[in-house]
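My request is simple: use the sequences and hints to build the entire structure.
Listed in order, the protein sequences are those of chains W and V. Taking our numbering, the leading residue of the first sequence gets 1, the next gets one more, and so forth. Taking our numbering, the leading residue of the second sequence gets 186, the next gets one more, and so forth.
The set of hints was computed from the structure by calculation and includes no laboratory data. Each statement offered as a hint is correct.
Calculated pairs, DMTMM-like style, for lysine to aspartate or glutamate (alpha carbon to alpha carbon, straight line, at most 25 Å):
id: 1; chain 1: V; residue 1: Lys404; chain 2: W; residue 2: Asp39
id: 2; chain 1: W; residue 1: Lys37; chain 2: W; residue 2: Asp165
id: 3; chain 1: V; residue 1: Lys394; chain 2: W; residue 2: Glu56
What you are looking at is a predicted structure, and each value in this text was computed from that prediction instead of being measured.
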Amino acid sequence: MHITVLDGIEGISQLEDLLKLTGEQYGISYTYLKLEKMDIQPCRNCGGCSTKTPGECLFKDDTPEVMKSLVKSNLVIMATPIRFGGFNSILKKALDKCALLGLPFFKVDKGSLYHPGRYGETMFTSLIIGISRSHSEKQKQSFRQLAKQNAAIMRVPYQAVIVEDNDMLQVKDVILSLLREEQYI
Amino acid sequence: MSQTKVLLLDGGMRKNGTSSSLAKTIKRQVENKGQTAEITRLVEYFDGKHMISELKTILNKSDIIGIIAPCYVNTFPYADIWCLEQLICGYQKEWQGKMLFAVAQGGMPDLKVHQSILHVSEHFAEETEMKWAGGLIIGMAPLIDGAPLENCGFIGRRLVKNMDRMVDRLLDFGHIPSALQNKITIDIPKILNYPLAFFLNYIVKSSLKKGGAGDPYHKPYCS
Ligand SMILES: Cc1cc2nc3c(=O)[nH]c(=O)nc-3n(C[C@H](O)[C@H](O)[C@H](O)COP(=O)(O)O)c2cc1C
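Following this line, the structure appears as structure tokens:
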């Protein structure tokens, strides 16, 4: 059982402490990635990851660290403040690189096109946490829709939760109940 | 009467990609109607080629702002979100009441997977007190792949015609009618996604061959 945390929260976040406690208590291994501090270059859509170095970005940055952890994970936790009803740029810099997890080819499932996974299907469960600072219901709705589309494109089961003002107790409850549901604890 | 100034923010990462091709078409259409339009590439602000303060200055001088962006993992690319964040940091009262519209384009034919680009643009407009004018979503963008729309046969002609109507509406400071979206949407029956996947895979395989890559199924990050 391995958890990857893609922490897109700006500045201090209590997510690392929370993971440390949970990990120690239940004997779960995890990789905590404070994305703000990582050098992840934007995807330039150069096509190199398909045509030159399949599955790898031509630009040298911290992306391999993210990918190595994702491919061995059962649960991926992504956290971001809700930004214009979507993700902030810090989380998005890692998410764009997740295109490396897919193959360039197209397949059809239930009538819809998709890219099959490079590392197999249904790699992990994804938990997407949106931090709200009294955001409007409309922004929260847009956020939930984006989370749903993201899980669909990655073809992974998911949960999206919105917490007000960094309420880490709620985040802890959600993580624990997800781990119980998936019978990891 | 003074001319209406349209600012087109090209959100594409490729200099001559599909976002750029769409922006060029809109620019031409605005100019043909006697108004002025300027295109600026968001990634050049991210890369530090220009300062965000310069973007704020051209924004101040524009009446209508359009964002033309590709869909990356269901929403704007990283660099575009970064630019929007930088803009909101120095949010200026001068933007109040300016019109904002968006054109989203992406690979998949299913339009709802690109919807977040319009949502994010709308919420950005709300937060900056701009007037949201709506937008259009274009699927199956690899069929354009940066080519001038005029060279893209039936699909291109249909886009040009309806984008021209969109420009008319915007220059009247009106909301983009949802009927235009229906007119540019190619509703392909799901069953046709099978031959479409076959065709797209043919294009992918040809480019892999050209690129000279090794095993396309390579798993570089397997432990
Ligand atoms: C990192 C990355 C992620 C992408 N994600 C999506 C996606 O989620 N859905 C989609 O339909 N197309 C996706 N695409 C395809 C692009 O939206 C499409 O190729 C677009 O036309 C590129 O625009 P440009 O020519 O302006 O660069 C993605 C492309 C890249 C490089």
